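Asker: Let the hints inform the model, and build the full structure from the sequences given.
2 protein chains.
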Amino acid sequence: MIKYPNGQKFIFTQKAHKKSAQDISFSSANRGISLEEDINLSNEYYLGAGALLITKRPTPIHVSKVDYSHGAKIVNAFFEKQSTTDYNGVYKSRYFDFEAKSTQLKTSFPLNNIYLHQINHLENVIAHGGIGFFIVEFSSLNEVFVIDAQTVIAAFHHGDRKSIPYAVFKENGVLVPLGFNPILDYLTAIKTLFNL
Amino acid sequence: MIKYPNGQKFIFTQKAHKKSAQDISFSSANRGISLEEDINLSNEYYLGAGALLITKRPTPIHVSKVDYSHGAKIVNAFFEKQSTTDYNGVYKSRYFDFEAKSTQLKTSFPLNNIYLHQINHLENVIAHGGIGFFIVEFSSLNEVFVIDAQTVIAAFHHGDRKSIPYAVFKENGVLVPLGFNPILDYLTAIKTLFNL
Numbered sequence: 070m071i072k073y074p075n076g077q078k079f080i081f082t083q084k085a086h087k088k089s090a091q092d093i094s095f096s097s098a099n100r101g102i103s104l105e106e107d108i109n110l111s112n113e114y115y116l117g118a119g120a121l122l123i124t125k126r127p128t129p130i131h132v133s134k135v136d137y138s139h140g141a142k143i144v145n146a147f148f149e150k151q152s153t154t155d156y157n158g159v160y161k162s163r164y165f166d167f168e169a170k171s172t173q174l175k176t177s178f179p180l181n182n183i184y185l186h187q188i189n190h191l192e193n194v195i196a197h198g199g200i201g202f203f204i205v206e207f208s209s210l211n212e213v214f215v216i217d218a219q220t221v222i223a224a225f226h227h228g229d230r231k232s233i234p235y236a237v238f239k240e241n242g243v244l245v246p247l248g249f250n251p252i253l254d255y256l257t258a259i260k261t262l263f264n265l
Numbered sequence: 070m071i072k073y074p075n076g077q078k079f080i081f082t083q084k085a086h087k088k089s090a091q092d093i094s095f096s097s098a099n100r101g102i103s104l105e106e107d108i109n110l111s112n113e114y115y116l117g118a119g120a121l122l123i124t125k126r127p128t129p130i131h132v133s134k135v136d137y138s139h140g141a142k143i144v145n146a147f148f149e150k151q152s153t154t155d156y157n158g159v160y161k162s163r164y165f166d167f168e169a170k171s172t173q174l175k176t177s178f179p180l181n182n183i184y185l186h187q188i189n190h191l192e193n194v195i196a197h198g199g200i201g202f203f204i205v206e207f208s209s210l211n212e213v214f215v216i217d218a219q220t221v222i223a224a225f226h227h228g229d230r231k232s233i234p235y236a237v238f239k240e241n242g243v244l245v246p247l248g249f250n251p252i253l254d255y256l257t258a259i260k261t262l263f264n265l
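So the protein lines, in turn, are chains A and B.
For the first sequence, position 17 (counting from the first letter as 1) is numbered 86 according to this note's numbering, and the numbering increases by one without interruption.
For the second sequence, position 11 (counting from the first letter as 1) is numbered 80 according to this note's numbering, and the numbering increases by one without interruption.
The hints are simulated quantities; they were obtained by calculation from the structure and are not laboratory data.
Please note that the accuracy of each hint is not assured.
[As the list claims (entries may be wrong)] Calculated lysine-lysine pairs in the DSS-like style (CA-CA distance at most 30 Å, straight line):
| # | chain 1 | residue 1 | chain 2 | residue 2 |
| --- | --- | --- | --- | --- |
| 1 | A | Lys170 | A | Lys239 |
| 2 | B | Lys170 | A | Lys150 |
| 3 | B | Lys231 | B | Lys125 |
| 4 | B | Lys125 | B | Lys175 |
| 5 | A | Lys142 | B | Lys125 |
| 6 | A | Lys125 | B | Lys170 |
| 7 | A | Lys125 | A | Lys170 |
| 8 | B | Lys150 | A | Lys134 |
| 9 | B | Lys142 | A | Lys150 |
| 10 | B | Lys125 | A | Lys170 |
| 11 | A | Lys125 | B | Lys125 |
[Stated by the list, open to error] Here are a few chain B residues that sit away from chain A, every Cβ distance over 12 Å (derived from the structure):
| # | residue |
| --- | --- |
| 12 | Leu110 |
| 13 | Thr153 |
| 14 | Asp166 |
| 15 | Leu180 |
| 16 | Ser209 |
| 17 | Glu212 |
| 18 | Asp217 |
| 19 | Phe225 |
| 20 | Asn241 |
| 21 | Pro246 |
| 22 | Asn264 |
From a predicted model like this one, the values you see are computed outputs, not experimental measurements.
Just so it is clear, CB atoms sit at the ideal spot from N, CA and C, and this is done for glycine as well.
Answerer: Structural data, given as structure tokens:
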């Protein structure tokens, strides 16, 4: 019998593979989208509880052609890279801005899916007194950390470093409590990280 | 000879009508897009000057079908309404959130293109200590005002009022200085409006 370390049934795995042929949300981006869903649900909880207001920026799409024969139907367009970060909002009048990323690695967080314009944006956020951070999931470890954007910015600009060691998250980040409501209590972790 | 009250030449009107069949950015949304361009350019100026950091949320698009035969080409999608506002950002660590609207009317600002979910969002912004406002252009008068979101929220919830009189902007809003750099110096007006 084949062992599935995460306890998934085979039928689920089959469905997942079938889905991956049609849907880009599966494959390597799958963990990231799960993290995103967890964050979105946590944000809904925070909003309802009056604790925190965070909104997610829509994915930018470049529209090349629109067919107006039946309403406005977009018939040619493509996804663009987010020029800033995915999330921002307000906590007790303070501006929050963050990016969420997931890795399956256990020993480091690779920086190759963070872009220079996102780093520049977070540098501007900090310069204007905003609170910039990353939510980073080590999916194989089932651990989620918050870490000051300045730590990621410094690593990004460090010429010969392509990743941030897991140990840096243990030392400089704060572990996010996992639960039901909210699923990811990252606000509690942020309050600890930034002494809010 | 036919008189055009706005002084447009006929050739321009022809081109405009031709364009309007292909491009929804013309027609009634035209003035709003000019205001949007002016705000975007002003935001670039503010960013370069280190005065203010504002980002515009991308227009949300619902993607129904993607063709993966040559990369990821979106072949069926449609525009969605922005569920929040168009702009937010940070000024001296304070959270800013605003919507920009333009009207060709001279005596009032109609509320029919402001949506309940935008009002709810701005109510949340204020509840969390953020600074919420509208930038409203009276295009026929070449005047642009900033006005506290609470004024618009109150009018929106006022059962029998479908618009805000121009006089309210004169009394409770602040006129935005128009210039070259920035084109719309709305930050100066906001500092006056909110005593920042």
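Asker: A separate judgement is required for each hint: does it hold in the structure or not?
Answerer: Going through the hints against the structure:
no.: 1; hint: Lys170(A) / Lys239(A); in the structure: 16 Å, holds
no.: 2; hint: Lys170(B) / Lys150(A); in the structure: 27 Å, holds
no.: 3; hint: Lys231(B) / Lys125(B); in the structure: 27 Å, holds
no.: 4; hint: Lys125(B) / Lys175(B); in the structure: 27 Å, holds
no.: 5; hint: Lys142(A) / Lys125(B); in the structure: 23 Å, holds
no.: 6; hint: Lys125(A) / Lys170(B); in the structure: 22 Å, holds
no.: 7; hint: Lys125(A) / Lys170(A); in the structure: 14 Å, holds
no.: 8; hint: Lys150(B) / Lys134(A); in the structure: 19 Å, holds
no.: 9; hint: Lys142(B) / Lys150(A); in the structure: 14 Å, holds
no.: 10; hint: Lys125(B) / Lys170(A); in the structure: 22 Å, holds
no.: 11; hint: Lys125(A) / Lys125(B); in the structure: 12 Å, holds
no.: 12; hint: Leu110; in the structure: 16 Å, holds
no.: 13; hint: Thr153; in the structure: 5 Å, violated
no.: 14; hint: Asp166; in the structure: 8 Å, violated
no.: 15; hint: Leu180; in the structure: 22 Å, holds
no.: 16; hint: Ser209; in the structure: 27 Å, holds
no.: 17; hint: Glu212; in the structure: 29 Å, holds
no.: 18; hint: Asp217; in the structure: 15 Å, holds
no.: 19; hint: Phe225; in the structure: 19 Å, holds
no.: 20; hint: Asn241; in the structure: 22 Å, holds
no.: 21; hint: Pro246; in the structure: 22 Å, holds
no.: 22; hint: Asn264; in the structure: 14 Å, holds
Taken one by one, the earlier hints fail for this structure at numbers 13, 14, listed in ascending order.
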